[in-house]
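Trainee: Going down the list, the sequences are from chains A and B. Okay, so the first sequence: first residue is 1 according to our numbering, each after it adds one. Okay, so the second sequence: first residue is 1 according to our numbering, each after it adds one.
Note that these hints are calculated values from the structure, not bench results. Some hints here could point you the wrong way.
For identical chains, the list gives no copy identity; a pair is met inside one copy or between any two copies.
Stated by the list, open to error - Under the rule of at most 25 Å between Cα atoms (straight-line distance), these lysine-lysine pairs were calculated in the BS3-like manner:
{"id": "1", "residue 1": "K313", "residue 2": "K235"}
{"id": "2", "residue 1": "K219", "residue 2": "K107"}
{"id": "3", "residue 1": "K158", "residue 2": "K43"}
{"id": "4", "residue 1": "K235", "residue 2": "K332"}
{"id": "5", "residue 1": "K133", "residue 2": "K155"}
{"id": "6", "residue 1": "K158", "residue 2": "K133"}
{"id": "7", "residue 1": "K55", "residue 2": "K158"}
{"id": "8", "residue 1": "K312", "residue 2": "K235"}
{"id": "9", "residue 1": "K313", "residue 2": "K332"}
{"id": "10", "residue 1": "K133", "residue 2": "K55"}
{"id": "11", "residue 1": "K313", "residue 2": "K158"}
{"id": "12", "residue 1": "K124", "residue 2": "K158"}
{"id": "13", "residue 1": "K155", "residue 2": "K49"}
{"id": "14", "residue 1": "K43", "residue 2": "K107"}
Number of protein chains: 2
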Amino acid sequence: MQRMTPQNLRVPGPTPIPSDIVEAMTNPMINHRGPEFHALIDKATEQLKQVFMTKNDLLILTASGTGALEASLVNTLSPGDRVLSATAGSFGDRFTDMAEAYGADVKRLEFEWGGPIDPGAIRKVLQSEPKIKAVLVTHNETSTGVTHPMEEIAKVVKGEFDKLLLVDAVSSLGCIPLPVDAWGCDLVGTASQKGFMIPPGLAFISISERGWEAQQTAKMPRFYFDLAEARRFLKQGQTPFTPNLSALYGLSLALDKLLDEGLESVFGRHAGIGQLTRDGVRELGLELLVADESYASNTVTAVKMPESVDGKKFLRLMRTDHNVVLAGGQGKMSDDIFRIGHLGHVTENDINGVMAALKEVLPEVGFNP
Amino acid sequence: MQRMTPQNLRVPGPTPIPSDIVEAMTNPMINHRGPEFHALIDKATEQLKQVFMTKNDLLILTASGTGALEASLVNTLSPGDRVLSATAGSFGDRFTDMAEAYGADVKRLEFEWGGPIDPGAIRKVLQSEPKIKAVLVTHNETSTGVTHPMEEIAKVVKGEFDKLLLVDAVSSLGCIPLPVDAWGCDLVGTASQKGFMIPPGLAFISISERGWEAQQTAKMPRFYFDLAEARRFLKQGQTPFTPNLSALYGLSLALDKLLDEGLESVFGRHAGIGQLTRDGVRELGLELLVADESYASNTVTAVKMPESVDGKKFLRLMRTDHNVVLAGGQGKMSDDIFRIGHLGHVTENDINGVMAALKEVLPEVGFNP
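So here's chain A without its partners, still in its complex pose:
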């Protein structure tokens, strides 16, 4: 295989991997039913709980983040259960579609893409539909660069109505504060290729006591994503199925690094990089998608594609001429925006490089602010 050229990879995951983590991933294979693995998964699980800020059970799955979200649904719900899914982007839509695929009776509460989910609107639905069993929320909507007001949403869902709260934290956890226990989130799923600075292929999910109670009566079918089996094996230092060992080696070091730095510093670093990105974009005369910057995501920034610009050509020139890889839009916004990822292993230099490239490419595609 021809070697890949290192790029200024500014999509919102996969993210570049620090060289010491790449090195950790070259560790030799071990028996996943042996003592070395037992030590590895126990350590990673305990450290992940610290990053999740939870005392809940925490399980490591060999899957993409979507697998963890599927696990959150099939372990707590039965076909026909009424659930409320709040969505304002393509990942919110995906979470909703997934619940429908497994037979949930979904109340889809949609908000404008680029805006936040309104906790007040959730309250109204929960007031009018007492039968709702669970609420599905995406903490950070990767497709629009919006961080939804999770704390306020949790206060409504848990504090006022005591419903099950299932959270997609794929592009927030480990980057943006999400104190799982303090906010009372029941199931929270995330993935390896975002804030954790390791490749895709592992997903992490926390589940509360309330979640386990729901599991006992939940009738959605499950096997690969059965969390009770995962917990049973974890007690013996194992996983039910052969786990992604290489990524686990990387994870172990990544967690050391994150916890050594301290979560407050990690969150602060992401906040600073997010601000730098938004300021840089605006200075170039571009417009953010997010209407109210107080909801702007510190892991991914969505920028309105100027009307005159051929988006495909723009993204291609950024990549071919400047080695900067940006993401296009998703779903109904495919052609309306481009996105800059700034999570995990990212420096101010990386963002400055993006801005320098934008400054050159934008005029080439007809945008002169």
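Guided by the hints, dock chain B onto chain A, whose structure is given.
Mentor: Then chain B, alone, in the frame of chain A:
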């Protein structure tokens, strides 16, 4: 993370990784929606089809092998469908349990552990129950070291009754001949950490036209393992969800190596190593689990634990004193056997090392033939 010591890792997966594949896996991350990924997945998919000996669609999933087997079920069956599951070991049992978890009406046809599945018994059931829609078979039963007579089974299932044939080929594909098209297997699932010489975390599944027809009416719920979505994305050079990139880098080189060597040579190498292992075991006065050696697996050998021997102590001494990692038994045979894996990147030297260690350890645990 402390570095893992390289071991003579003789479990039936994960298997040791050749150093050039380890190196390939250190390639930098790329955009999984970009042109580099498109080239990567197209190449790997085409090469995988050659290893599967199929012109069917072939899809790469980010999961363990069990995920591919779950995909084979949920994409072709509906709750209540009558299926026949032939099992003679713990992986056959797992495939059966999985079908039941998703609501299939399963006829469980059990054979003695250590023996082969009898195609004649399958014929009898299919004759007496014309409503059976699909037959589930494990090609190589990892828990007992038996390769079931897949060609004969396929002749019955496909040739005589034209039922859907779903095959667990996790520990056979790429090691033991399984010509998917020639034998008419409809869905065949396998995983990365066995014959493919790369770490766990990817699963591969082929699906026939007949499989796609079944997919259109199959009502078992699916989202993460929806093969139609995987096919739709593959046509654009993508996967529906973020894929395990590192393992894909390794896979790309591993497939080059397997196809450069030639499948016949790869199969011959495994046959030779299998024979060497069985001969060595017998020379030490030990007894194979497999009753009829013509069914002995060329990827894993199950050996009866001598009655006088403390199995846990034996496995521990092999590991601590000789750096040889063997597998215990599984399921109801946990304490009755031990297993030697010899698939993927394995040499005669590795097996000779196992035999030398056995020769020293067996007397220490009270076995003197």
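Trainee: If the cutoff is 25 Å on CA atoms, where do K313 and K235 land: within, between, both or neither? Let me know, please.
Mentor: Between. Shortest inter-copy distance 22 Å satisfies the 25 Å Cα cut-off; intra-copy 52 Å does not.
Trainee: Given a CA cutoff of 25 Å, do K43 and K107 count as a within-copy pair, a between-copy pair, both, or neither?
Mentor: neither (40 Å within a copy, 42 Å between copies)
Trainee: How would you label the pair K313, K158 (within, between, both, or neither) given a Cα cut-off of 25 Å?
Mentor: Answer is neither: 46 Å inside a copy and 51 Å across each miss the 25 Å cutoff.
Trainee: With 25 Å as the alpha-carbon cut-off, assign the pair K124 and K158 to within, between, both or neither.
Mentor: Within one copy only: 14 Å inside a chain, 57 Å across chains, cut-off 25 Å.
Trainee: Using 25 Å as the alpha-carbon threshold, which applies to K158 and K133: within, between, both, or neither?
Mentor: within (11 Å within a copy, 46 Å between copies)
Trainee: How would you label the pair K133, K155 (within, between, both, or neither) given a Cα cut-off of 25 Å?
Mentor: So K133 and K155 pass the 25 Å test inside one copy only (16 Å; across, 50 Å).
Trainee: Please work out whether the CA atoms of K155 and K49 approach to 25 Å or closer within one copy, between two copies, in both situations, or in neither?
Mentor: within (22 Å within a copy, 52 Å between copies)
Trainee: One pair to classify: K158 and K43, alpha carbons no more than 25 Å apart. Within, between, both, or neither?
Mentor: neither (30 Å within a copy, 49 Å between copies)
Trainee: At most 25 Å between alpha carbons: which applies to K55 and K158, within, between, both or neither?
Mentor: Answer is within: at 17 Å inside a copy they meet the 25 Å cutoff, but 52 Å across does not.
Trainee: From the Cα coordinates, with 25 Å as the cut-off, is the pair K133 and K55 best called within, between, both, or neither?
Mentor: The answer is within: 23 Å in one copy meets 25 Å, while 46 Å across copies does not.
Trainee: Is it within, between, both, or neither for K219 and K107, if the alpha carbons may be no more than 25 Å apart?
Mentor: both (19 Å within a copy, 22 Å between copies)
Trainee: Between copies, within a copy, both or neither: which fits K313 and K332 at Cα up to 25 Å?
Mentor: within (19 Å within a copy, 61 Å between copies)
Hint check: violations occur at hints 3, 11, 14; the rest are consistent with the structure.
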